[in-house]
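J.: Each chain, written out:
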Amino acid sequence: MKKLLKYVIVDIVQNKIVLIYTLLLLIISMSVFNLENNTAKGLLSLLNIILIIVPLICIIFSTIYIYNSSEFIELLVSQPLKRRTIWLSIFSGLASSLSFAFFIGAGIPILLYHADATGFMMIAMGLFLTIVFVSIAMLAAGLTRDKAKGIGLSILLWLYFSLIFDALVLFFLFQFQDYPLERAMVVCSFLNPIDLGRIQILLQMDISALMGYTGAVFRDFFGNSTGITLSFIGLLTWIIFPLIISLKKFKAKDL
Amino acid sequence: MCIFLCSVHGKTEAGTIHVGKNKTYTSVQKGIDAALTGDTVLVYPGNYKEHDITISKRIYVKGIQYPVIDGEKKSGIFTIHADGAVLDGFKIINGGRSETSDLAGVLIVDSYDVKVINNKLDDTNFGIYSQHSKNCLIKNNQLKSYGTNEVQSGNGIHGWRSDSLLIIGNDIAGHRDGLYFEFVTNSLVWRNKSHDNIRYGIHFMFSHHDTYISNIFENNESGVAVMFTHHIQVYNNFFIDNWGGAAYGILLKEITDGEISGNYFSHNTTAIQMEGCNRNNIFKNSFSNNGWAIKISASSLNNIITENNFLGNTFDVGTSGSLVENTFNGNYWDKYEGYDLNRDNIGDVPYHPVSMYSMIIESNPAALMLFRSLIVSLLDKSEKILPGITPENLKDEKPFMRPLKL
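Chains L and D supply the protein sequences, listed in that same order. In this text, residue positions in the first sequence follow the numbering used here: the first is 1, and each later residue adds one. In this text, residue positions in the second sequence follow the numbering used here: the first is 1001, and each later residue adds one.
If you're looking for bench data, these hints aren't it; they were derived computationally from the structure. The structure presented is a predicted model; accordingly, all values stated were derived computationally and were not measured. Mixed in with the good hints, there may be bad ones.
[Claimed, not checked] Chain L regions said to be covered by chain D (calculated; three or more residues, Cβ under 8 Å): (1) 65–75; (2) 104–118; (3) 165–172; (4) 176–183; (5) 191–201.
[Claimed, not checked] Lysine-lysine pairs mimicking BS3-like chemistry, simulated, CA-CA at most 25 Å apart: (6) K41(L) x K149(L); (7) K41(L) x K248(L); (8) K1335(D) x K1253(D); (9) K1405(D) x K1335(D); (10) K1021(D) x K1073(D); (11) K1395(D) x K1384(D); (12) K41(L) x K1335(D); (13) K1030(D) x K1074(D); (14) K41(L) x K1073(D); (15) K1381(D) x K41(L); (16) K1030(D) x K1049(D); (17) K41(L) x K1384(D); (18) K41(L) x K1284(D); (19) K41(L) x K1030(D); (20) K1057(D) x K1144(D); (21) K1395(D) x K1405(D); (22) K1021(D) x K1049(D); (23) K1193(D) x K1253(D); (24) K149(L) x K251(L); (25) K1115(D) x K1091(D); (26) K1395(D) x K41(L).
The C-beta atom is built at its ideal place from N, Cα and C for all residues, glycine as well.
Whenever a hint applies, use it, and build me the whole structure from the sequences.
T.: And the structure:
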């Protein structure tokens, strides 16, 4: 597995896209912190990047990478290797290289300019979202053989998690305006990894605005160590669950 | 000349009475009783277990190195009922508490020109209480209490039907309300620090023509609330760290013809909340890192909000209705995204400080969950271009491009 992992990582690095991604993140985060005169505002701009750009790049790059290395995968399957090992090494290779890219590109500027609880939470959530969306990409790529279909599916999934889900929640909120929905919202947030990450970062950042009743419910749940642990477990589930399904698909797949 | 000489002569003749362990008088009350009008009562260091000490003539009562007056939680400690009396330099501790009357560390009743200066009050129910008094000076006192609930604790400096009070340089903590005025008029509150109180930093009603300058209101449970008053002047005060669902930097309720200028609002849930306030001038204030900078109800009319800096607030302005009869022109908003073609430091397109999302949260608080998500920013952006929900006439026609120097 180790050897395989090394091959995958070397392949991804040679690909250069990850390098460009790292550089892009680095340029954006440095300029965001240097252009704004207060670093809090820079952090806010960075929040949008973490919640939108990072999942997008991760899911699309991973999907395309898997499709492009289908010949390599076929070659590996013909070797005395377990399919499980192959699939997990590809996943680990993608996840580790993209996480590393995120850490260099966004993590280091955050540590330089804003090394407090908010900054740490942002880095943690960025890393989690990276791995979650690699895992979701594995699922999207595992579901169908058709490259165009697979990439389309992954874009749709990204759109769903970053936009459509929230729109549905907003719709739901207005339909059931007369009911106390605070607790339902807490449950809802677990259904979307981006929301989960966003709420954790917000709790560190916008405390004063979050102090109303809803804010109090959110803080009660997410603000303490149990809540943070629970949301970390939630994010881990979002990593493991798609991965297991895709693994099952891959094992049964006729290549 | 003769009168002048006589008065000087009279002054020098005024006696000094010494109170202390080995002095003529061993109790403060006895020393005061023995004094004549115009005398000085000097109290030497020591621990005096006394309460209900009454000063009923024009004398100067001075403590040397803070003699401790211990009320043993029995009753009020000093009562001043004399024009021109001075109480200076005592440490007043363990005042009593009563359900039926407001027991205070220092109670000033029906008097003119009383001075209460340089005292330290510790664990008194009410601190300094002025009733029906005029032209009194309350200066450089430290008031500390350990209230746990609003019902059982008293206020730091409490004014009732008084006039022309000067309240300067006091430090008040742990009371119900740091400063509390009801029917206190024409007074000056200057350089006080009211912090960590269990309700409001300052709370007043029906206290017209008062001026508040350079005070610090910090970390009070519910911030500051002022009501039913006209012609107040609030200059250069600090409202900091008042966090909570019902906490305000300053809550203005039915305040009219006021001037609020040069104040610094930072880290409050709501910096200014206005309900039924008319004709107030809010200018040259700095609002930074608040949840809401200004929440203004539709019942507020003709307020002018100008030349303020709005920096890093989650929401700049919140409002309850669509009708807005207030002016918001000429402020600096850090969220302004317009341009300035002629480079006169005034933006060429108006700024709408009410975001759509703040309206949504107002009507549907659970929507807070979606705060700062992509869908919400998209909705906000489209609302900025084509206002539908947000009040269209709540806008800044001449927003500044750069922060004002305040």
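J.: Next step is simple, just say for each hint if it's right about the structure.
T.: Tested hints:
1. 65–75: violated (count 0)
2. 104–118: That given contact is violated, which follows from only 0 residues of the stretch 104–118 of chain L lying within Cβ reach (below 8 Å) of chain D.
3. 165–172: holds (count 4)
4. 176–183: Contact hint for the stretch 176–183 of chain L vs chain D: holds, 4 residues under 8 Å.
5. 191–201: holds (count 4)
6. K41(L) x K149(L): Violated - the C-alpha atoms of K149(L) and K41(L) are around 39 Å apart, more than 25 Å.
7. K41(L) x K248(L): Outside the cut-off at roughly 44 Å; violated.
8. K1335(D) x K1253(D): Violated, at roughly 28 Å.
9. K1405(D) x K1335(D): 18 Å, holds
10. K1021(D) x K1073(D): 23 Å, holds
11. K1395(D) x K1384(D): OK: K1395(D) and K1384(D) at ~11 Å, within 25 Å.
12. K41(L) x K1335(D): Given that 25 Å is the threshold and the Cα spacing comes to 10 Å, the pair holds.
13. K1030(D) x K1074(D): 19 Å, holds
14. K41(L) x K1073(D): Cα-Cα ~52 Å, so violated.
15. K1381(D) x K41(L): 18 Å, holds
16. K1030(D) x K1049(D): Given that 25 Å is the threshold and the Cα spacing comes to 13 Å, the pair holds.
17. K41(L) x K1384(D): 20 Å, holds
18. K41(L) x K1284(D): 23 Å, holds
19. K41(L) x K1030(D): 65 Å, violated
20. K1057(D) x K1144(D): 28 Å, violated
21. K1395(D) x K1405(D): 22 Å, holds
22. K1021(D) x K1049(D): It holds: about 12 Å lies between the C-alpha atoms, which stays within 25 Å.
23. K1193(D) x K1253(D): With Cα atoms ~23 Å apart, K1193(D) and K1253(D) stay inside 25 Å; holds.
24. K149(L) x K251(L): With Cα atoms ~20 Å apart, K149(L) and K251(L) stay inside 25 Å; holds.
25. K1115(D) x K1091(D): 16 Å, holds
26. K1395(D) x K41(L): 23 Å, holds
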